[in-house]
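Line by line, the protein sequences are chains A and B.
Just so we're aligned, residue 1 is where the first sequence starts under the working numbering, counting upward by one.
Just so we're aligned, residue 1 is where the second sequence starts under the working numbering, counting upward by one.
Incorrect hints may appear among the rest.
Note that the list lumps identical chains together, so a pair holds whenever it fits in one copy or between two copies.
Said to hold, decoys possible - Straight-line C-alpha distance at most 25 Å; calculated SDA-like pairs for lysine to any residue: (1) K248 to R65; (2) K385 to T413; (3) K344 to T97; (4) K385 to D317.
Just so you know, these hints were derived from the structure itself, not from any lab.
It should be emphasised that the depicted structure is a prediction, and the values quoted were computed from it without experimental measurement.
Number of protein chains: 2
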Amino acid sequence: MKLVIVGAVAGGASAAARARRLDESGEIVLFERGEAPSFANCGLPYYIGGVIPERSDLLVAPEQRLIDRYRLDVRTRTEVTAIDRTRKTVSVRNLKTDEEYEESYDKLILSPGASPLRPPIPGADLPQVFTLRDLRDADRLREIVANSRRAVIIGAGFIGLEMAENLARRGLQTTVVELADQVLPPWDAEMIAPIATHLQEQGIKLQLSDAAEAIEPSERGMTVRLRSGKSVPTDFIVMSVGVRPENKLAVDAGLEVGPRGGIQVDEHMQTSDHDIYAVGDAVEVRHFVDGSAVQIPLGGPANRQGRIAADHMAGRDSRYRGTQGTAIVGMFEMTAAMTGFSEKALLAAELPYEKIYVHPGNHASYYPGAQAMSIKLLFNPQDGKILGGQVVGRDGVDKRIDVLAVAIQAGMTVDDLEEMELAYAPQYGSAKDPINMAGFVAAGVLRGDQPIVHAAELLSDVGENSLSDSGSFVLDVRSPEEFEAGHIDGAVNISVEQLRDSLNQLPRDRQVIAYCQVGQRGYLATRLLAQHGFDVANLSGGFTTYEAVARSRTQEPAAIS
Amino acid sequence: MKLVIVGAVAGGASAAARARRLDESGEIVLFERGEAPSFANCGLPYYIGGVIPERSDLLVAPEQRLIDRYRLDVRTRTEVTAIDRTRKTVSVRNLKTDEEYEESYDKLILSPGASPLRPPIPGADLPQVFTLRDLRDADRLREIVANSRRAVIIGAGFIGLEMAENLARRGLQTTVVELADQVLPPWDAEMIAPIATHLQEQGIKLQLSDAAEAIEPSERGMTVRLRSGKSVPTDFIVMSVGVRPENKLAVDAGLEVGPRGGIQVDEHMQTSDHDIYAVGDAVEVRHFVDGSAVQIPLGGPANRQGRIAADHMAGRDSRYRGTQGTAIVGMFEMTAAMTGFSEKALLAAELPYEKIYVHPGNHASYYPGAQAMSIKLLFNPQDGKILGGQVVGRDGVDKRIDVLAVAIQAGMTVDDLEEMELAYAPQYGSAKDPINMAGFVAAGVLRGDQPIVHAAELLSDVGENSLSDSGSFVLDVRSPEEFEAGHIDGAVNISVEQLRDSLNQLPRDRQVIAYCQVGQRGYLATRLLAQHGFDVANLSGGFTTYEAVARSRTQEPAAIS
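Only chain A is shown next, with the shape it has when bound in the complex:
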């Protein structure tokens, strides 16, 4: 059997290696438009920033190894320009020699990836405006970074922020422009607000809810004109506003493509032509949680898809279970991670959900160095099935998101989180791990032990003063010292320790909303007051979440520039 693979990074390279292991005798041709197969594209920002010192470090599976070890016919700087499905051939152009030829296939795997979008604004084609996709882009950027003082990044997604971190580390004055009112738009705004603050503390300028309208050459570089009216001078620009599936080959060949441009495949990664498979960032996949069609470009899924395609063409019944969108990004000392649906995605999909927030320490508070993290858990309000999770903090974030990712994969409920037996020694966690805590709170809400309200409801659409309109009595159960240091406008302070002796100070004709710093004392207060007949609810995540929600609503250009 002759297998031809278009694209030799992640999915394509995985498919080739797997195909060879399954079939020692088959011919495997691996076409790569770039100059190297299987390079570490997730490492490019760190190579540009010098964190990864050597270019050769990025060559995860060097060409010669693929040839020697896997007997692959690797052809780099070679582009596949067309597919003839009837004759089962592809048209090929050698980019080094411009030679064109045809190559036949028995099975074809498309792994072309996705290409960075370049918004059609005036000046977007200037030479100092870059996108980041491959080694060549990274080489050029590494060179220009070494000779620049200022940078503008357009788009605050993964690549944009990783670039921002690396450029700031290299000492460049770095400005990030983002159309949304938050960085890292896949996350919910209140969860990611601390990341934005952290970036600003590191000297990165954020222009949120703003957009580049034009790029103009200037005497000493160039100027980005923003919709807000602002102008940002810079030496160069990185465009990272998103990617588009590379579907031209597929479309030209008449393969089915989804509404967002992703090549459509079945669970075996087979396209509408059963001799052609497609994997990686170019394909449309099913979301694991609800089965909807989505476009989620991620390295892990691309690798698994490549493996599954190779399996299936070798006669195996491998199936891709869908993508759940597990993602993580490091920003200086902080980490943001998510898995499954965000709240905004649940709202867009009109799926029912409940949510809770907790802010536990990454490990036992009595062991030095404990740091708080924030967890948002989204779950089905009927059966408690976990729909999504977000974790933001410092150490230990990656561990908790992986636990939640597995819980989602297993179809677990919030009760299962309560019962998890996770590794505990004081350097690593707590007898009640952050994940257990999230489970306790969510399961308590589900069982009705703990009615909750959310900061967004308190802050509703009329702004911070909505509180007095809502008719609720807002009760701060923290200590007077904590209350003094900052509290919700209009709140009355009675510490949880004093509460039992102060019941006559609370109204019986209005809802009492109790809150503390993170929700634990608020929970106790809620239990206590409910048993005394009050209509009471706990503010989920306490003042910490409240402040994050409030901050996420004010992160507009004027406030942060």
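Chain A is already provided as a structure; the job is to place chain B on it using the hints.
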């Protein structure tokens, strides 16, 4: 309702807090023999070593907070000496005043914990021989450590090794004596061998397969005489040879107790008397994986059991799902973690299993600072269900054991590990996470893609030279440089890259055992040779596991003293 709780640490404290949240009006009396409720017993070694600087740090829920916030009737330095089940009273002695009295209960929760064993050897009752259980022990040890140069620790379990680390950090010459031929006996020997090496590199002396026979006062301290004939001079001794459930109250009251001394409870933590519950280290629990009765003292389970007991007496149907034995220990720069069954436990339980080893990096190899970890995965050879896992390494060990712990809880198989979508950015993991790698290998073994052999079989009972007897052809598929640096005796070196052109050098009448450094090239070689008709198997975990197994067999006193 009046609830009386015996023991205010972990399970007892959790039960009290939960009971109060569920019942604001009930009377809750919390008896504690020690001087403080709810102290961090897992932190004691680190307090002794000065890592945790302040004693007050250990008081997780200070007495006054329990009183003020939860309205508990906390009575410290107070011992419960007997239970009268007919009259539903307990006999109490105030250890400060020696006053004795009775206290009635509607429901009683026993959370007495477990007490350290003190082997009955001559000299075990000398004043400078300590055990470590509570704050008072820790205070005494902290004081003596400050005035000592030498320490002997008897028992290389969790507490013994955590003490050893902390004493060595304080500059003491530290010797650990352990009856077993390995440290941390719950782990399998070959997995924990690198921890022993690491301890030795930090200057800790290990006396494995040895025992203290007598302790004798000497001119400048004391001397421990060992079974091996050796004598170790020391300033003081810590006995950490294990714990025994504190079951005296229960036994005297006629409650049922298991063969290992654990108080027997049902899934609601109810003893044979339905008004009496028992939780924590004193109870016998079901092993989650096979339902067998076990005695596993752990902080996380104790806390959950306390919660469940409080739930059930409040009329809720909470059930304890069993303990799966998730444990973790940090030793200087290294971490060892496990969950579920070890191989030795599976052997003892005569349960069928298969195992695989992998040695992946904690994060992407192209990002600086990647460190290898070792994973051993134990699974059912029929259906692939995960039975246990052990992970040893540096960073990222705790994350992988938690993922495996959740997988076991969810009843997942090795195929599920293949499909896990874990968080990947180069600082945190790999597109193919270590857990995915373990899943790939195990699932490949199950599917018959990859016949494997184990180092223990190669090293069988006739020693390292058994190889030539086995009739197998041992093939080292690494590079000549790797081969030169160390290889299995009798192995022939043909790199995987040369293999296809060297098939005529391999025997067709004997089994070929292929190996590389960690198993990946060995896997490719196995696939390749099998397709060429050879009878071939891959050495699981490669030379790395082979060396660990060999080392674990030679870690005897002579070799390491």
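To see whether the hints hold, each was checked on the structure:
{"no.": "1", "hint": "K248 to R65", "in the structure": "neither (30 Å within a copy, 67 Å between copies)"}
{"no.": "2", "hint": "K385 to T413", "in the structure": "both (4 Å within a copy, 21 Å between copies)"}
{"no.": "3", "hint": "K344 to T97", "in the structure": "neither (49 Å within a copy, 62 Å between copies)"}
{"no.": "4", "hint": "K385 to D317", "in the structure": "between (28 Å within a copy, 19 Å between copies)"}
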